[in-house]
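Participant: Work the whole structure out from these sequences, hints included.
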Amino acid sequence: MKEIVIISGKGGTGKTSLTAAFAYLGGEEVVVADCDVDAADMHLLMQPDFFRSEDFYSGELAWINQDECTQCGKCAEVCRFDAIPVIEGKYIVEPLSCEGCGYCARVCPVDAIINKPLNVGKWYASNIKTGTTMVHARLGIGADNSGKLVTKVKNEAKIIAKKANKDYIIVDGSPGIGCPVVSSLSGAAFVVLVTEPTVSGLHDLERVYKLVKKFNIKAGCIINKADLNLSKTEEIKEFLKSKNINHIASLPYDETFTKAMTHGQTIIEFGKGELQSMITDSWNKIKQIVNLK
Amino acid sequence: MKIAIASGKGGTGKTTISVNLASFLAEDKEVVLVDLDVEEPNSGLFLDAGLIHQENKFKMIPKWHEDACTLCGICQEVCNSNAVIQLDTIIMVFPQLCNSCYACSELCPTGALPMIPEKMGELKHFKNEHLHFVESRLEIGQEHAVPLITQTHKYIDEHFTNDLIQIFDSPPGTSCPVIEATKDADLVILVTEPTPFGLHDLKLAVETMQQLNKKTIVIINRHGIGNDEVFDYCQEENIPVIAKIPNSRLIAEIYSKGELIYPQVPEFRQEMEAIKTFILNFRKEEVR
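So the sequences go chain by chain: A and B.
So the first sequence is numbered by our numbering: it starts at 1 and just counts up by one.
So the second sequence is numbered by our numbering: it starts at 1 and just counts up by one.
Derived by calculation from the structure, the hints in this document are not laboratory data.
Just so it is clear, CB atoms sit at the ideal spot from N, CA and C, and this is done for glycine as well.
Take the hints with a grain of salt, since some may be wrong.
Cross-link-like lysine-lysine pairs, in silico, BS3-like; alpha carbons within 25 Å at most [to be verified]:
1) A:243 x A:210
2) A:243 x B:257
3) B:244 x A:259
4) A:259 x B:203
5) A:116 x B:183
6) A:90 x A:122
7) B:154 x B:127
8) A:2 x A:129
9) B:215 x B:59
10) A:148 x B:59
If you want the ones that stay clear, here's a sample from chain B, every Cβ over 10 Å from chain A, calculated [claimed, not checked]:
11) 50
12) 76
13) 88
14) 151
15) 171
16) 278
17) 283
Facilitator: Next up, the structure:
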């Protein structure tokens, strides 16, 4: 069982649309994991049934028992996150600022502070229309620990894939280079970088590739909307060549992606044409690379 | 006044709006644009401004002093992030897991874990006539954007007054970095696109901003592609849609080259006018 992670650095390059297309093409041989837990969208194209739904707890949140508190102020003094303001004469923990480090509870002389486990979201397992299982999640608003939820989604996907003897796990990652992306990369067999020929697309590709390199994972790249700016596309190809990144495909700027999405469909279901066969070729190429050696 | 430009979904046009709006406003006003998408800062690619200041930003992490350590184990016990681990007779620190709470350092009975600065990123300050531009950039491998965003806010508050229009290009999503980027904003502009993904993530962003009690307005980008559901949702929720940027390949091409759009596309400039009018009126109301 091999994990294929799709990320982009920059948002809006077509990452989820392509991941959904690969999931559709992969059909029953894949398990799908939507690790863009911050703004998970892939379920909109997959008709999930949410057969399993569980709260996810990670980290802690300080809570001050006002009956015990002597207003000594030690907690606020040690808090580096300014999370314990005085409101109407009472020391109150501001949940969005609290990092759950637990320092305040340790220095409270009367043990008035309790660390409560923090619900940071929900994760789901669903049967989806492609005849397989998808693991997905919804991060709570403003929640920290998105990396931990990503790890949870991936681990559950792995368990399901192992049990059902699936060949691949397809992982839709989040934009950026921070903790959720780092978590989605660990254990990956291959990374597909989806980019676009814009100044920001290339800039973000370079940054996210540096991260991928730290993990020593083999990478390939799809240049989406390639005809939007041909000279930028050339520049990206040069970059790929210099880093030995497999150039999987260049796809055209095509609003059919959006049309398919408004119908709740992947691009593959939405028609049979040049674009569909290019994406099919890309998926076959990815499988081939992943199975090398 | 502080205006945050945010969105749930990535790639809806936050940076496009931020750089064009800031430059447009700067034609006759003092403006500061701040790129808080520290993981992937892009605004600077679209601006032509001279660097006037640069500084490294640090987070504080504990450093183990073997000679002072009695291996009592308190540091490991108090660290909720598993960033300090005792292995036999060695204390190991994992900087990327450390959230700089100082507990291990200050609760160590022998002072064997003093806090030292570790570089987490870089802040740069550029200027071009009326436009100030400040960007922060997270080091690759650093996982936590929030401390860098906090320090960037601090820099802005120390260098600019609130009568200036301050525009904050925020990270995508709804998790901690977005909260940190938008929490001091007087006005939040959510940029979305009229598609199912756009709508789904817009709803999350609206919920987030409601929780923060923020005055929220919407700009629909790529108007004409997709469907009317985003617009209908905004009407139902009483969220003003103050601009609709037309879906246009030309705009996408200009963007791809790293150029400003409003000087080249009259329809785009019109929308910038509409946003400007809204902002100036909003500021008047606020002052009252």
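Participant: Checked against the structure, which of the hints given earlier come out wrong?
Facilitator: 6, 9, 15
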